[in-house]
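For the record, the sequence lines run as chains X and H.
So that you can map any letter, position 181 of the first sequence is 181 in the working numbering, and since no number is skipped, the others follow by simple counting.
So that you can map any letter, position 9 of the second sequence is 9 in the working numbering, and since no number is skipped, the others follow by simple counting.
The hints are simulated quantities; they were obtained by calculation from the structure and are not laboratory data.
Check before you lean on any hint, since a few could be wrong.
Partner residues are not named here, just some residues of chain H that face chain X (Cβ under 10 Å, in silico) [unchecked claim]:
no., residue
1, Ile31
2, Leu35
3, Arg42
4, Thr67
5, Ala100
6, Leu137
7, Asp141
8, Gln143
Which chain H residues face chain X? A few, computed with CB under 7 Å, are given here [to be verified]:
no., residue
9, Ala34
10, Leu43
11, Ala44
12, Ile64
13, Ala71
14, Ala72
15, Ala79
16, Leu80
17, Gln83
18, Tyr84
19, Gly86
20, Gly89
All values derive from a computational prediction rather than experimental measurement.
C-beta: ideal position from N, C-alpha, C; glycine also.
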Amino acid sequence: MHSAAPNLSDNGRRSLFHPMESFFVRYRNALVLLTILLAQTLLLAVQVRDLRGPSQPDGRKVTLLRSWAVAIVAPFERLTTFTGTGVRAAWSDYIDLRRTRQQNADLQKEVARLRLEQAEFAEDAAQGRRLQSLLDFRQHYVAATVAAQVIGTSGMDSSRVLLIDKGADYKLQPDMPVITPDGIVGKIRDVFPHTAQVLEIDDPSSGAGVILASTRIRAIVRGGPDGRVQIGNLTADSRIKPGEVVLTSGGDQVFPRGLKVGTIESIAPDRDRQLYTLIRIHPAVNLSQLEEVLVITGTQPDLPPQAQQDLATGEATAADQKAAADQKAAALAAEAQRAAALAAERLPSLNAATNPDGSPAAPDPAAADPSRPATDASTTKVKATPAIHPDRYSPGETPAAADLAPGGNNPNPATPPPAPTPTSPKDPQR
Amino acid sequence: MATRSYTSRRELDEHTFHPAVAVLVPVAFIILQALLPRPFPRLAILDLPLLATIFFAVSRRSPIAGTLTGAAIGLLQDALTNQYIGINGMTKALIGYAAASIGFKVDVDNPRTRILMVFAFCLLQSALLYLIHSRLLGQRDIQILWLHELLRAAVNAALAIPVFFLLDRTKADE
Numbered sequence: 001m002h003s004a005a006p007n008l009s010d011n012g013r014r015s016l017f018h019p020m021e022s023f024f025v026r027y028r029n030a031l032v033l034l035t036i037l038l039a040q041t042l043l044l045a046v047q048v049r050d051l052r053g054p055s056q057p058d059g060r061k062v063t064l065l066r067s068w069a070v071a072i073v074a075p076f077e078r079l080t081t082f083t084g085t086g087v088r089a090a091w092s093d094y095i096d097l098r099r100t101r102q103q104n105a106d107l108q109k110e111v112a113r114l115r116l117e118q119a120e121f122a123e124d125a126a127q128g129r130r131l132q133s134l135l136d137f138r139q140h141y142v143a144a145t146v147a148a149q150v151i152g153t154s155g156m157d158s159s160r161v162l163l164i165d166k167g168a169d170y171k172l173q174p175d176m177p178v179i180t181p182d183g184i185v186g187k188i189r190d191v192f193p194h195t196a197q198v199l200e201i202d203d204p205s206s207g208a209g210v211i212l213a214s215t216r217i218r219a220i221v222r223g224g225p226d227g228r229v230q231i232g233n234l235t236a237d238s239r240i241k242p243g244e245v246v247l248t249s250g251g252d253q254v255f256p257r258g259l260k261v262g263t264i265e266s267i268a269p270d271r272d273r274q275l276y277t278l279i280r281i282h283p284a285v286n287l288s289q290l291e292e293v294l295v296i297t298g299t300q301p302d303l304p305p306q307a308q309q310d311l312a313t314g315e316a317t318a319a320d321q322k323a324a325a326d327q328k329a330a331a332l333a334a335e336a337q338r339a340a341a342l343a344a345e346r347l348p349s350l351n352a353a354t355n356p357d358g359s360p361a362a363p364d365p366a367a368a369d370p371s372r373p374a375t376d377a378s379t380t381k382v383k384a385t386p387a388i389h390p391d392r393y394s395p396g397e398t399p400a401a402a403d404l405a406p407g408g409n410n411p412n413p414a415t416p417p418p419a420p421t422p423t424s425p426k427d428p429q430r
Numbered sequence: 001m002a003t004r005s006y007t008s009r010r011e012l013d014e015h016t017f018h019p020a021v022a023v024l025v026p027v028a029f030i031i032l033q034a035l036l037p038r039p040f041p042r043l044a045i046l047d048l049p050l051l052a053t054i055f056f057a058v059s060r061r062s063p064i065a066g067t068l069t070g071a072a073i074g075l076l077q078d079a080l081t082n083q084y085i086g087i088n089g090m091t092k093a094l095i096g097y098a099a100a101s102i103g104f105k106v107d108v109d110n111p112r113t114r115i116l117m118v119f120a121f122c123l124l125q126s127a128l129l130y131l132i133h134s135r136l137l138g139q140r141d142i143q144i145l146w147l148h149e150l151l152r153a154a155v156n157a158a159l160a161i162p163v164f165f166l167l168d169r170t171k172a173d174e
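With the hints as extra help, turn the sequences into a complete structure.
Have a look at this one:
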């Protein structure tokens, strides 16, 4: 071969390798495309083989790819968020303070109202805890949270993922619940050194165990293809109505029990699965415009100290309120009693009998005898005081009906005699 | 800069870009795509990475460059989601290849052609994504909302005109 090679001219060499070379040259574009597609198909196969769904964190190799991508994008997102937050803070803290006083007054009223509500709930909470201890029910309360800022999204409406500015540096871990004071947001999907991915509850691959607040029906919420939160695993039930509050049930081992998920928006038959209903949920949190979230990093079986203090304050307020209410009721009762006594003094018929000289009359022996039945007030004969100027209407002046005779002379007629009419000039007696 | 001598219409229509432009524009589009839906949720309907893929593919007129650009943009886009990495990479690699291939045959500088091209490629991307999810990954419960996809294609086609007009100014040989 080598001895023959120098004898070959350029044209001869080209003719020697012509078939293969022309194949690669001719189909170079398609071959590159096929290679790229094949490589990515293998990449997909590796990921699918892990049997991790899109809601679970990736394997180590894939995490590395995502970590690189996030490392490229996150600094820009962080810078943009920082700039936007700074501008908004400068505007709201220094310039736009027009309604601050009014807001402050409104908030103070709100705090006062919430204190009263807290006092009302405190007793229920205490009773609930007693019942839980009786049933040996292990409740998990939120013990520790990490506040994080949302710095980006996935950028695709088919993937409801947020990027937050806290990661492994704050000891975040996959599957930690993410909430706001209004309700749940989702859970941590993947954690990077300084950032983390949050899978929102409206993503099709997400899921959360919930319970309907009034009917106590358990279900699973997940994201629909149109990006709306829905329940699809319940059969038709007439008790379920729009407006019912949906809470986390704690059964998924991710979200603590009792966090608000949203309210039922509509109920309709599921077109794809005949037996089931499609219940759309209006999320308690505006998932499309989140700025700050709380990641629950720890739960505990007892109430946290701050919550215990709040509960104690609520119980004390409830006790104060109860004492004040009792005092008010006692004062009202005393007032009513005093008014009744005063009225009794002013009504002669209700007075105890007195002698003409003003001294109290001797008590009626019949009334003092407990063996005799009590006299009904309606049957008691009322003794009226004598009139100063008696007339025919005065008690005792009218004779009894038995003494009256039809057409007879009535000494004191009940009807007055007719008034004399004016005399007519034709009167014959005149 | 090296002087080019154009000997054919193909060479005349091929454009080159400064390496910084070729790297930073797609990255900037991906970052914008991740940032914009946060303050303006309705802007999630935009697909700026797709516009970048189409623009660079039709401008370079090179199927290999279009394939590689599309694959890189798609993979970076996938990495920011919770989906398997490679779904958008495959889709955009195919679209980059197709866009570069039709660049030889039609006048891609005409605004009407650009609108039609972007509209068609948006729908093609939706169809490819559906096929990958349902056939390749076996996700039988995946649904495609065609009305939404048509709206998305129309919005992106409308957006492509000003975006392409701005990106035309980044061509190194202009």
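Going down the list of hints, with the structure as the test:
{"no.": "1", "hint": "Ile31", "result": "5 Å, holds"}
{"no.": "2", "hint": "Leu35", "result": "6 Å, holds"}
{"no.": "3", "hint": "Arg42", "result": "9 Å, holds"}
{"no.": "4", "hint": "Thr67", "result": "5 Å, holds"}
{"no.": "5", "hint": "Ala100", "result": "8 Å, holds"}
{"no.": "6", "hint": "Leu137", "result": "7 Å, holds"}
{"no.": "7", "hint": "Asp141", "result": "8 Å, holds"}
{"no.": "8", "hint": "Gln143", "result": "4 Å, holds"}
{"no.": "9", "hint": "Ala34", "result": "4 Å, holds"}
{"no.": "10", "hint": "Leu43", "result": "10 Å, violated"}
{"no.": "11", "hint": "Ala44", "result": "4 Å, holds"}
{"no.": "12", "hint": "Ile64", "result": "5 Å, holds"}
{"no.": "13", "hint": "Ala71", "result": "5 Å, holds"}
{"no.": "14", "hint": "Ala72", "result": "10 Å, violated"}
{"no.": "15", "hint": "Ala79", "result": "3 Å, holds"}
{"no.": "16", "hint": "Leu80", "result": "5 Å, holds"}
{"no.": "17", "hint": "Gln83", "result": "6 Å, holds"}
{"no.": "18", "hint": "Tyr84", "result": "5 Å, holds"}
{"no.": "19", "hint": "Gly86", "result": "4 Å, holds"}
{"no.": "20", "hint": "Gly89", "result": "5 Å, holds"}
Comparing the model with each earlier hint shows violations of hints 10 and 14; every other hint is respected.
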